[in-house]
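Novice: Chains as they are written, first to last, in this note's numbering: chain U, 1 to 347; chain Y, 1 to 347.
Simulated from the structure, these hints should not be mistaken for laboratory data. Honestly, I wouldn't trust all of these hints.
As the list claims (entries may be wrong) - List time: in silico DSBU-like cross-link candidates among lysine-lysine, alpha-carbon distance up to 30 angstroms: (1) Y:Lys8 to Y:Lys89; (2) Y:Lys157 to Y:Lys259; (3) U:Lys224 to Y:Lys170; (4) U:Lys259 to U:Lys242; (5) U:Lys224 to U:Lys120; (6) U:Lys325 to Y:Lys310; (7) U:Lys259 to U:Lys310; (8) U:Lys310 to U:Lys121; (9) U:Lys121 to Y:Lys242; (10) Y:Lys224 to Y:Lys193; (11) Y:Lys224 to U:Lys170; (12) Y:Lys8 to Y:Lys242; (13) Y:Lys193 to Y:Lys242; (14) U:Lys121 to U:Lys242; (15) Y:Lys120 to Y:Lys143; (16) Y:Lys242 to Y:Lys143; (17) Y:Lys259 to U:Lys325; (18) U:Lys121 to U:Lys89; (19) U:Lys154 to U:Lys259; (20) U:Lys244 to U:Lys170; (21) Y:Lys157 to U:Lys310; (22) Y:Lys325 to U:Lys325; (23) Y:Lys121 to U:Lys224.
Number of protein chains: 2
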Amino acid sequence: MINEESKKIAVIGGGIAGMQSASVLGRLGYQVTIFEKSERLGGNVANWNHLFPHNENATDMISALNTTLESQSNISIAPSTTVLNIANKQNSVSITTPEREYSFDAAIIASGFTPFDATKKEEYGYGIYNHVITSVELEKVEKQNQLSRYVHGKSGKVGFVHCVGSRDEKVCNGYCSKVCCITAIKQAIEVKKQHPNLDVYCFYMDLRLFDRHFESIYREAQEKWGILFIRGRMSEVNEDIKGKLIVRIEDTLSRRPMKLSLDLLVLMVGMVPSEDTQRFASQLSTKSEEDRFIIDNNQILVEQNTGISKGIFAAGTAKSPLTVKETLADAKSVALNVHFYLNQTNL
Amino acid sequence: MINEESKKIAVIGGGIAGMQSASVLGRLGYQVTIFEKSERLGGNVANWNHLFPHNENATDMISALNTTLESQSNISIAPSTTVLNIANKQNSVSITTPEREYSFDAAIIASGFTPFDATKKEEYGYGIYNHVITSVELEKVEKQNQLSRYVHGKSGKVGFVHCVGSRDEKVCNGYCSKVCCITAIKQAIEVKKQHPNLDVYCFYMDLRLFDRHFESIYREAQEKWGILFIRGRMSEVNEDIKGKLIVRIEDTLSRRPMKLSLDLLVLMVGMVPSEDTQRFASQLSTKSEEDRFIIDNNQILVEQNTGISKGIFAAGTAKSPLTVKETLADAKSVALNVHFYLNQTNL
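Please model the complete structure; the sequences and the hints are all you need to start from.
Specialist: See below:
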């Protein structure tokens with residue numbers, strides 16, 4: 001067996017995928033360095049309020065991960081540090097930051113996603129009308145308990161548009177972002193909990209509630225909370241003179257065009273590979289697909305642990321849209337691949 | 001650190017989850033025993049022909065897993081061995097077979113699923129009409145190249161019914177089985193490849209094509225292969241005097257009732273926890289839900305590795321419907337949890 005303590009691993013990106021894989025590798029005995037571009041760890045999840053399906057507090061999850069990392073003396077964190085370049089050399093991986101070049105035995109790219117830029121879907125009025133916000137912004141609003149900025153009084157209507165920037169060839173994102181359907185339902189329930197008198201609508205194409213507990217949350221949304229699900233694509237959003245949003249949508253089930261007046265419209269923005277993810281994908285010349293995620297040749301079976309290229313692995317949403325649970329499981333799995341890779345080369 | 005070689009782990013069930021977790025634990029140095037009820041390893045996947053999304057050969061996958069297991073001298077396999085009881089004692093896990101009682105340091109339950117019994121959906125005519133078969137049977141038919149037993153000549157119609165035994169409270173399965181939508185599309189494409197002149201229909205409620213590559217397979221099915229997708233629930237299936245199937249369905253998009261004559265109807269059967277899975281769930285008194293899977297209290301974060309109860313863990317489809325890829329990733333992740341659990345108790 002190898003001496004793990006003498007092996008150094010770089011984790012690029014300090015979101016939950018990076019934190020989780022660093023934590024696993026730390027516990028396995030390796031010297032781990034996390035490079036994080038921003039000042040703090042936590043990535044996208046740090047902006048979230050509650051998580052589905054069990055309503056976990058996102059801040060608590062990040063704190064738990066932070067605590068685990070801090071308790072391990074063989075893990076060091078380099079905040080506010082951008083990785084400019086990753087390359088594999090003979091028997092090592094080279095990591096370049098603006099300050100210097102480092103040498104590691106292996107590296108995990110966990111550079112994640114950014115939310116889809118909703119201004120690209122001009123027809124939804126984002127950036128034009130104040131009462132059109134994204135799902136990410138709604139999380140912040142709920143975290144700060146400021147929903148009443150948008151809805152007040154005893155009645156009113158709130159709409160959620162699924163698939164904003166997902167399954168949409170016009171904006172070059174053909175893929176499904178996986179989390180938006182269940183997030184919309186989670187957020188719709190949150191809105192109803194705070195303002196039970198509001199009418200809440202979800203405008204969807206398919207309800208991709210694939211996980212075991214998602215279906216029952218969907219039923220709860222309908223039966224307990226009275227959330228209305230309308231199958232249809234929204235064609236346009238405007239504002240009337242009183243500042244109310246007017247949305248037009250075709251209900252594809254009843255085949256009727258609908259016009260609705262809403263107080264708040266929430267756009268469920270999909271996942272786009274982050275700028276760093278796209279840059280690393282091109283630096284490493286991983287087979288480039290139109291959707292710009294990192295293509296991982298690494299196979300799922302235990303014995304195949306080659307990584308993207310020798311010693312370089314990718315974890316989490318840098319590879320594909322994933323739920324929080326899936327991201328954490330993938331990060332664990334990739335950490336184990338790195339362990340087996342380092343053992344293999346040293347047998 | 002602990003001495004892994006002195007620690008013994010039982011893996012109950014030799015499907016892909018059991019094989020993968022045994023393989024990981026073997027590589028980590030533990031003494032592993034796989035208990036498998038049937039004569040051979042491979043579980044449900046061994047009955048499969050090709051896998052999505054990349055059309056992997058299922059037999060090759062099982063062979064690769066078998067090879068890895070055989071190459072590890074610290075892994076032993078007990079075929080044709082039913083585990084009657086699992087219980088945790090002071091510092092060990094007791095496993096009882098008809099022959100004797102064993103003591104292990106930890107155990108993984110990987111007792112998986114069985115396909116939904118299609119005779120319970122009487123209205124679909126399964127077990128009554130010869131040309132109504134299940135998705136599992138179609139895999140066998142394709143493996144043996146016998147599709148022409150059902151369809152011959154230059155024209156004809158084949159239908160696939162999604163959600164058979166899934167999302168269906170009447171048969172006590174409220175949950176989505178996750179893999180049926182993409183499997184239907186994979187199978188529909190296979191049928192079209194062999195018989196391009198056939199008309200192939202998919203009857204669905206929602207298309208749960210959640211994974212990154214699924215959406216493009218769906219588009220390929222429509223654009224390249226001309227497979228027809230009809231949103232609606234089938235109400236009944238009959239046979240006419242010529243032996244053709246007559247199906248009635250409401251197209252919920254066009255709101256028209258349809259009557260179609262088919263040569264073959266394939267029922268996409270969902271996943272039900274296997275008998276053993278249900279028995280272990282009740283033996284271990286894991287919080288029982290109506291869907292009868294094993295409830296795993298084990299949290300996703302690295303530091304929380306308690307298992308279902310001390311030393312007992314569950315992996316794969318014993319916990320929830322999962323794709324092959326997800327099952328393998330989960331098995332890896334659970335194996336790592338067991339490793340950390342055994343390290344923790346011995347620090």
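Novice: Broken hints, numbered, in rising order?
Specialist: The structure breaks hints 5, 7, 8, 9, 12, 17, 18 and 21; every other hint is satisfied.
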